[in-house]
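There are 2 protein chains.
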Amino acid sequence: MRKALLATTVASTLALATFGSVIAGDDADNALLTRARALFKPLPADASTPERPITPQLVALGRALFFETRVSTDGKQSCGECHQPMYYGTDALPRSVGNSGKVLPRNVPTVFNTALQFSQHYGGNRVDVEEQALKALVSPLAYGNKDFAAAEARLRAIPGYRPQFEQAFPGQAEPVTAENWSKAIGAYERTLLTPAPFDRFLAGDTAALGAQAKQGLDKFIGIGCAGCHNGVAVGGQMYQKFGLTQDYWNLTGSTEIDIFKGRDKGRFQDTKKDEDAFIFKVQQLRNVAVTPPYFHDGSVAELPDAVRVMGKLQLGRDLSDGDVADIVAFLESLTGEVPAQFAAVPSLPIGGYKRQ
Amino acid sequence: MRKALLATTVASTLALATFGSVIAGDDADNALLTRARALFKPLPADASTPERPITPQLVALGRALFFETRVSTDGKQSCGECHQPMYYGTDALPRSVGNSGKVLPRNVPTVFNTALQFSQHYGGNRVDVEEQALKALVSPLAYGNKDFAAAEARLRAIPGYRPQFEQAFPGQAEPVTAENWSKAIGAYERTLLTPAPFDRFLAGDTAALGAQAKQGLDKFIGIGCAGCHNGVAVGGQMYQKFGLTQDYWNLTGSTEIDIFKGRDKGRFQDTKKDEDAFIFKVQQLRNVAVTPPYFHDGSVAELPDAVRVMGKLQLGRDLSDGDVADIVAFLESLTGEVPAQFAAVPSLPIGGYKRQ
Numbered sequence: 078m079r080k081a082l083l084a085t086t087v088a089s090t091l092a093l094a095t096f097g098s099v100i101a102g103d104d105a106d107n108a109l110l111t112r113a114r115a116l117f118k119p120l121p122a123d124a125s126t127p128e129r130p131i132t133p134q135l136v137a138l139g140r141a142l143f144f145e146t147r148v149s150t151d152g153k154q155s156c157g158e159c160h161q162p163m164y165y166g167t168d169a170l171p172r173s174v175g176n177s178g179k180v181l182p183r184n185v186p187t188v189f190n191t192a193l194q195f196s197q198h199y200g201g202n203r204v205d206v207e208e209q210a211l212k213a214l215v216s217p218l219a220y221g222n223k224d225f226a227a228a229e230a231r232l233r234a235i236p237g238y239r240p241q242f243e244q245a246f247p248g249q250a251e252p253v254t255a256e257n258w259s260k261a262i263g264a265y266e267r268t269l270l271t272p273a274p275f276d277r278f279l280a281g282d283t284a285a286l287g288a289q290a291k292q293g294l295d296k297f298i299g300i301g302c303a304g305c306h307n308g309v310a311v312g313g314q315m316y317q318k319f320g321l322t323q324d325y326w327n328l329t330g331s332t333e334i335d336i337f338k339g340r341d342k343g344r345f346q347d348t349k350k351d352e353d354a355f356i357f358k359v360q361q362l363r364n365v366a367v368t369p370p371y372f373h374d375g376s377v378a379e380l381p382d383a384v385r386v387m388g389k390l391q392l393g394r395d396l397s398d399g400d401v402a403d404i405v406a407f408l409e410s411l412t413g414e415v416p417a418q419f420a421a422v423p424s425l426p427i428g429g430y431k432r433q
Numbered sequence: 078m079r080k081a082l083l084a085t086t087v088a089s090t091l092a093l094a095t096f097g098s099v100i101a102g103d104d105a106d107n108a109l110l111t112r113a114r115a116l117f118k119p120l121p122a123d124a125s126t127p128e129r130p131i132t133p134q135l136v137a138l139g140r141a142l143f144f145e146t147r148v149s150t151d152g153k154q155s156c157g158e159c160h161q162p163m164y165y166g167t168d169a170l171p172r173s174v175g176n177s178g179k180v181l182p183r184n185v186p187t188v189f190n191t192a193l194q195f196s197q198h199y200g201g202n203r204v205d206v207e208e209q210a211l212k213a214l215v216s217p218l219a220y221g222n223k224d225f226a227a228a229e230a231r232l233r234a235i236p237g238y239r240p241q242f243e244q245a246f247p248g249q250a251e252p253v254t255a256e257n258w259s260k261a262i263g264a265y266e267r268t269l270l271t272p273a274p275f276d277r278f279l280a281g282d283t284a285a286l287g288a289q290a291k292q293g294l295d296k297f298i299g300i301g302c303a304g305c306h307n308g309v310a311v312g313g314q315m316y317q318k319f320g321l322t323q324d325y326w327n328l329t330g331s332t333e334i335d336i337f338k339g340r341d342k343g344r345f346q347d348t349k350k351d352e353d354a355f356i357f358k359v360q361q362l363r364n365v366a367v368t369p370p371y372f373h374d375g376s377v378a379e380l381p382d383a384v385r386v387m388g389k390l391q392l393g394r395d396l397s398d399g400d401v402a403d404i405v406a407f408l409e410s411l412t413g414e415v416p417a418q419f420a421a422v423p424s425l426p427i428g429g430y431k432r433q
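For the protein sequence lines, the chains are B and Z, in the order given.
Mapping to my numbering: the first sequence position 131 is 208, numbers consecutive.
Mapping to my numbering: the second sequence position 46 is 123, numbers consecutive.
In case anyone wonders, no lab produced these hints; they're calculated from the structure.
Treat the hints with care, as some may be off.
The list treats identical chains as interchangeable, and a pair is accepted whether it falls inside one copy or across any two copies.
Straight-line C-alpha distance at most 30 Å; calculated DSSO-like pairs for lysine-lysine [stated by the list, open to error]:
(1) K318 x K431
(2) K342 x K431
(3) K389 x K431
(4) K389 x K338
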């Protein structure tokens, strides 16, 4: 079935190049579109929810706070310090470097579209982007504050933020709080969506994907990748064992690390339950082509290698070079533009320079 | 003479408020403009020189490299890491934090308009922005490379830069070098100029400064600040002892620091000559209102306090609150817009993730 479809696609692509629109090609495209629509959804306008509404005031404040480093104990940490504008919302490191030069245990995932995932962090131990931000305030590896009050003192030492908090949280006696800080940042992050050629395809513009990307999409579904990597973010909607067919480090070259006393066991590190050993959140794949290195420990640098590893580890298949190239072409169609409100960094108010 | 002029300015301002344009006011404005033009110059279009030419290709490459962190040993350092877009080209710290969390001995000056200064660094031990950048590559506190070859290896590990280097340095057998890296970054920095209301004033638009800023300009000249802080960058054209009338730390609250085995002695730290003790480059004052904290050690957080300290330390004068407020109003007229090619951070090519 899949092979027949592919053959038709290739033939029709050649035909199209010569004769323009051809019924056979349209049929194949429409069949692929139908299969894709059953598994994936185009991006919404934003990732707000009834419980997590966004307003222009919240987003503007959150955009400033996202890049604000003075709320951290070493004066260098911010959301934007790990989720950098020049690296598609990552830091281009295998494992991140945080407060006072400490190396973090895992790779930084992109902030783009992350609010659409069903939980945050590789182990899913944060329910949403707001909780992720809030707990980073008191993480020794991130902002480093000993408690929320310490973070709030740093925030209140920058007078220019108070009117912005008052506008974003009207009617509150003391709006400059850690919780509101996290809500504003969450609101901003919920705007950081990156529509890509694949979204135009899902909307019905089958010419938005090239012939090889379509073959790759067909294989991505047919081989089984889409069994886990599906939904609006092409992943991020479930947990799965990393290394279904064998230990992941056999293929990734991952090294043991001290903080985990050996191998990173995923959700087990938090829950300590045996059934959670090596269980990770299935990562979203939007912008995967521009956000190497790959996996929870950044152990694989090249996308074709990461695809090959996943085929073997999760599906027990040795993907051919052609399969890998096609799937990579599809994954490249998940690359969107860097949002303008992220590429352009806001100017921040003065004050709060003394390290507390 | 100065007092008479001031009285005229104040009177004419009141008159203007009531009756519109008045000859006396125009005369006072023109007299102030004439005095200002003898001391200051408006910004040029860019800070290129015949020896340091710029091209669009050089600037585009330099803009990318400015924000590129993978050339550093900890993968976190870049020009943009200390000269941040959200803090007007500074890092909003008293003293900067560099490679692997090490604290630097001095405050980060803004990168804006710095190419117009006659030398770089507080001690002037870098002849231009290109030398400043180049030597940062092998500074243990900055990029941390053991030598230029190590930096070049990191740079060459990111394949996407090669075509950009080839375009910026046509005809070179191996253009991806540390020296070219610094030339490209220098070219970019030479575009980071920030035209301000004071430039419009110098160009003849006397309405570009408000009444208090004009009074402040008059005092800035008359009291003697402009004796050192003059020229196109309102400073940055000479050396001067910091603390002409008394030890600077009496008024700034500066603390002794280990790296200098006591007090920071300015140029003496490099030259070890007694006559260089406490000699610093006179800092440029463009954007001073938005780039606290102040002085080589970031010891003073508020601009009015910094003005007061300078009056006492350098001129032996106790400035009145009114003098300080007027001078601050003038200094605020030196605030320009963040250049678009700096506020918006470019997307960088993938690769080079392995820490060498």
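Practice task
First find the shortest C-alpha distance between K389 and K431 inside one copy, then the shortest across copies, and answer within, between, both or neither for a cut-off of 30 Å.
Solution key: Classified as between: cross-chain Cα gap 23 Å, same-chain 53 Å, threshold 30 Å.
Exercise for the section: State whether the alpha carbon distance between K389 and K338 is at most 30 Å within one copy, between copies, both, or neither. Expected result: within (26 Å within a copy, 59 Å between copies)
Handout entry: Same-copy or cross-copy closeness of K318 to K431 [CA-CA at most 30 Å]
Key = between (46 Å within a copy, 26 Å between copies)
Problem - Homo-oligomer pair classification [K431, K342; C-alpha up to 30 Å] - result: between (40 Å within a copy, 23 Å between copies)
The structure fails none of the hints (numbered hints given earlier).
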